[in-house]
Amino acid sequence: MAAAQIIPVILSGGSGTRLWPLSRPERPKQLHALTGASTMLQMTAARVTDPDLFAPPIVVASGRHVGEIEEQLGEIGSRPQLSILEPVGRNTAAAIALAALEAPASALLLVMPSDHVIGLPERFLAAVRAAVPAAREGHLLTFGIAPERPETGYGYIKRGAALAEGVFAVERFVEKPDAATARRYLAEGGYAWNGGIFLFEAATLLAGLEAHAPDILAQVRLSLDAARREPARVTPNPELFGAVRSKSIDHALMEVHDRVAVVPVQMDWSDVGSWDALHEIGAKDEDGNRVFGDTLVIDTKSCLVHSEGPLVVTVGVHDLIVVATGDAVLIMPRGDSQRVKEAVERLAATSQEGQA
4 MAAAQIIPVI
14 LSGGSGTRLW
24 PLSRPERPKQ
34 LHALTGASTM
44 LQMTAARVTD
54 PDLFAPPIVV
64 ASGRHVGEIE
74 EQLGEIGSRP
84 QLSILEPVGR
94 NTAAAIALAA
104 LEAPASALLL
114 VMPSDHVIGL
124 PERFLAAVRA
134 AVPAAREGHL
144 LTFGIAPERP
154 ETGYGYIKRG
164 AALAEGVFAV
174 ERFVEKPDAA
184 TARRYLAEGG
194 YAWNGGIFLF
204 EAATLLAGLE
214 AHAPDILAQV
224 RLSLDAARRE
234 PARVTPNPEL
244 FGAVRSKSID
254 HALMEVHDRV
264 AVVPVQMDWS
274 DVGSWDALHE
284 IGAKDEDGNR
294 VFGDTLVIDT
304 KSCLVHSEGP
314 LVVTVGVHDL
324 IVVATGDAVL
334 IMPRGDSQRV
344 KEAVERLAAT
354 SQEGQA
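Plus 3 on top of the position in the sequence shown (first one is 1) and you've got my numbering.
Please keep in mind that the hints were generated in silico from the structure rather than gathered at the bench. Quantities reported herein were computed from a predicted structural model and do not represent experimental measurements. From the three backbone atoms N, C-alpha and C, an ideal C-beta is built for every residue, glycine too. Misleading hints may appear alongside valid ones.
Derived EDC-like pairs (lysine to aspartate or glutamate); straight-line CA-CA distance at most 16 Å [stated by the list, open to error]: (1) Lys161 <-> Glu258; (2) Lys161 <-> Glu174; (3) Lys344 <-> Asp279; (4) Lys304 <-> Glu289; (5) Lys287 <-> Asp302; (6) Lys161 <-> Glu178; (7) Lys304 <-> Asp322; (8) Lys304 <-> Asp290; (9) Lys250 <-> Glu213; (10) Lys179 <-> Asp253; (11) Lys287 <-> Asp322; (12) Lys304 <-> Asp279; (13) Lys161 <-> Asp253; (14) Lys161 <-> Glu191; (15) Lys161 <-> Asp261; (16) Lys179 <-> Glu258; (17) Lys179 <-> Glu154; (18) Lys250 <-> Asp218; (19) Lys304 <-> Asp288; (20) Lys304 <-> Glu283.
The calculated label-pair distances, taken between Cβ atoms and stated as ranges, are [as the list claims (entries may be wrong)]: (21) Ala352 <-> Arg132: 47 to 55 Å; (22) Asp322 <-> Ala40: 21 to 29 Å; (23) Ala164 <-> Val332: 51 to 59 Å; (24) Lys304 <-> Glu174: 41 to 49 Å; (25) Ala165 <-> Pro241: 43 to 51 Å; (26) Arg152 <-> Glu174: 15 to 23 Å; (27) Asp261 <-> Asp181: 27 to 35 Å; (28) Gly122 <-> Ala351: 28 to 36 Å; (29) Ala129 <-> Ile334: 39 to 47 Å; (30) Val316 <-> Ala108: 53 to 61 Å; (31) Ala352 <-> Val332: 16 to 24 Å; (32) Pro217 <-> Ser354: 36 to 44 Å; (33) Thr184 <-> Gly122: 26 to 34 Å.
Produce the complete structure using the sequences and hints provided.
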């Protein structure tokens with residue numbers, strides 16, 4: 004690996020239940036092709052294949068998905084230098100610590116969720132290049148998404164003083180606001196959405212965890228000391244990794260570290276966090292419908308109609324979300340897709356009652 008290369012760290016451990024019934028724990032959303040011919044995982048990996056800038060990636064994923072992950076990456080010519088297989092999910096602080104402990108201390112790590120869409124990848128890469136000097140100087144970098152609307156579903160980052168061209172100190176992180184506060188942030192300027200993409204040296208990340216979340220770092224290290232190791236695969240000890248405290252990297256480190264910087268970037272970004280978000284970013288027909296799979300829409304307007312199997316026909320409807328898989332159908336008004344969580348929770352409770 005050339006000294007100038009960045010190691011992409013692709014996080015692929017989420018369950019993605021907000022896109023039920025398509026996305027499920029056994030096959031989460033990043034393994035599906037939702038916005039084109041490639042899966043979200045493949046699109047993430049394809050953004051970081053320039054050999055002059057990037058080394059082969061480290062993938063941190065659930066052990067049950069590793070076969071399909073490696074197969075999908077192989078289809079686009081991306082071969083991970085290492086797959087770290089989490090026996091159980093313990094949030095992003097633990098996942099990133101795994102990668103940092105396995106990487107060279109001086110390596111720059113670009114941490115990316117595997118289930119985001121970036122419509123303007125050249126702007127993303129320009130932001131990464133702009134962030135490198137600050138990361139080499141010991142900052143933890145985050146990439147702030149230029150807000151397009153007063154969104155209440157994301158945390159925000161308030162930028163402070165300029166550190167370099169396009170790089171700013173972080174004044175503070177802000178939790179998800181109410182609608183009035185989000186409108187004020189947009190009017191004031193200087194705020195960005197927190198997209199959960201980071202750049203830092205492995206040693207800087209580990210020193211930060213040692214200072215602010217030493218129990219997480221120590222327990223992750225123990226799990227790796229007792230890991231099962233195969234060629235290009237590492238599985239932390241299940242019992243020891245299961246004892247790691249579950250905490251996001253934002254709460255464990257980014258919000259409390261004294262050298263955090265942000266690179267604001269407008270890159271046509273979405274975390275595809277709901278069926279409504281997918282309707283918003285997808286290509287639509289002349290009636291505002293986004294359709295996928297075996298579908299027929301008649302006198303249908305502003306709908307998302309997605310089929311992974313059976314023929315789905317809509318007649319005389321508008322502003323609906325209709326999703327069909329081999330064993331489930333979801334129908335709801337557009338604008339209510341955050342309520343999918345209610346359905347997933349109700350189904351889980353019903354399943355547990357049936358097993359009791």
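Hint-by-hint comparison with the structure:
Only pairs whose Cα atoms come within 16 Å are accepted, and Lys161 paired with Glu258 is accepted, the gap being roughly 12 Å. Using a Cα cut-off of 16 Å, the hinted pair Lys161 and Glu174 holds, with the two alpha carbons roughly 5 Å apart. Distance check on the hinted pair: Lys344 and Asp279 sit about 14 Å apart at the alpha-carbon level, within 16 Å; holds. For the proposed pair Lys304 and Glu289, the alpha carbon gap of about 9 Å is at most 16 Å, so the pair holds.
Proposed proximity of Lys287 and Asp302 is supported: the alpha carbons are some 15 Å apart, at most 16 Å. About 11 Å separates the Cα atoms of Lys161 and Glu178, which keeps this hinted pair within 16 Å; it holds. Using a Cα cut-off of 16 Å, the hinted pair Lys304 and Asp322 holds, with the two alpha carbons roughly 7 Å apart. For the hint pairing Lys304 with Asp290, the CA-to-CA distance comes to about 5 Å; that is within 16 Å, so the pair holds.
For the hint pairing Lys250 with Glu213, the CA-to-CA distance comes to about 14 Å; that is within 16 Å, so the pair holds. For a cut-off of 16 Å, the pair hint linking Lys179 to Asp253 stands: about 13 Å separates their Cα positions. At most 16 Å may separate the alpha-carbon atoms for a hinted pair to count; Lys287 and Asp322 meet this at roughly 13 Å. Between Lys304 and Asp279 the CA atoms are separated by roughly 14 Å; this keeps the pair inside 16 Å, and the hint holds.
A hinted pair counts as satisfied when its Cα atoms are at most 16 Å apart, and Lys161 with Asp253 qualifies at roughly 14 Å. The hinted pair formed by Lys161 and Glu191 meets the criterion: a straight-line CA distance of about 10 Å does not exceed 16 Å. For a cut-off of 16 Å, the pair hint linking Lys161 to Asp261 stands: about 14 Å separates their Cα positions. Distance check on the hinted pair: Lys179 and Glu258 sit about 14 Å apart at the alpha-carbon level, within 16 Å; holds.
Under the criterion of a C-alpha separation no larger than 16 Å, the hint pairing Lys179 with Glu154 is consistent with the structure, at around 9 Å. For the given pair, Lys250 sits about 11 Å from Asp218 by alpha-carbon distance, which is consistent with the 16 Å threshold. Taken as a hint, the Lys304 and Asp288 pair is honoured in the structure, with Cα atoms around 9 Å apart against an allowance of 16 Å. Distance hint between Lys304 and Glu283 is fulfilled; the C-alpha atoms sit about 14 Å from each other, no more than 16 Å.
Taking 47 to 55 Å as the suggested C-beta distance range, the pair Ala352 and Arg132 conforms, at roughly 48 Å. For Asp322 and Ala40, the Cβ-Cβ distance of about 28 Å falls inside the hinted range of 21 to 29 Å, so the restraint holds. The given range of 51 to 59 Å is respected by Ala164 and Val332, whose C-beta atoms sit roughly 53 Å from each other. Take Lys304 and Glu174: their Cβ atoms lie about 44 Å apart, and the range 41 to 49 Å holds.
For the hinted restraint 43 to 51 Å between Ala165 and Pro241, the CB-CB distance of approximately 46 Å keeps it satisfied. Take Arg152 and Glu174: their Cβ atoms lie about 22 Å apart, and the range 15 to 23 Å holds. For the hinted restraint 27 to 35 Å between Asp261 and Asp181, the CB-CB distance of approximately 29 Å keeps it satisfied. Checked against the hint of 28 to 36 Å, the pair Gly122 and Ala351 passes, with Cβ atoms roughly 34 Å apart.
Under the hint 39 to 47 Å, the C-beta atoms of Ala129 and Ile334, about 42 Å apart, fit the expected range. Taking the beta carbon of each, Val316 and Ala108 are about 58 Å apart, inside 53 to 61 Å as hinted. Separation of Ala352 from Val332 is about 20 Å and conforms to the stated range, judged on CB atoms against 16 to 24 Å. In this structure the supplied range 36 to 44 Å holds for Pro217 paired with Ser354, their Cβ-Cβ distance being about 38 Å.
Here the CB-CB span from Thr184 to Gly122 is close to 27 Å, well matched to the stated 26 to 34 Å.
Taken one by one, the earlier hints all hold for this structure without exception.
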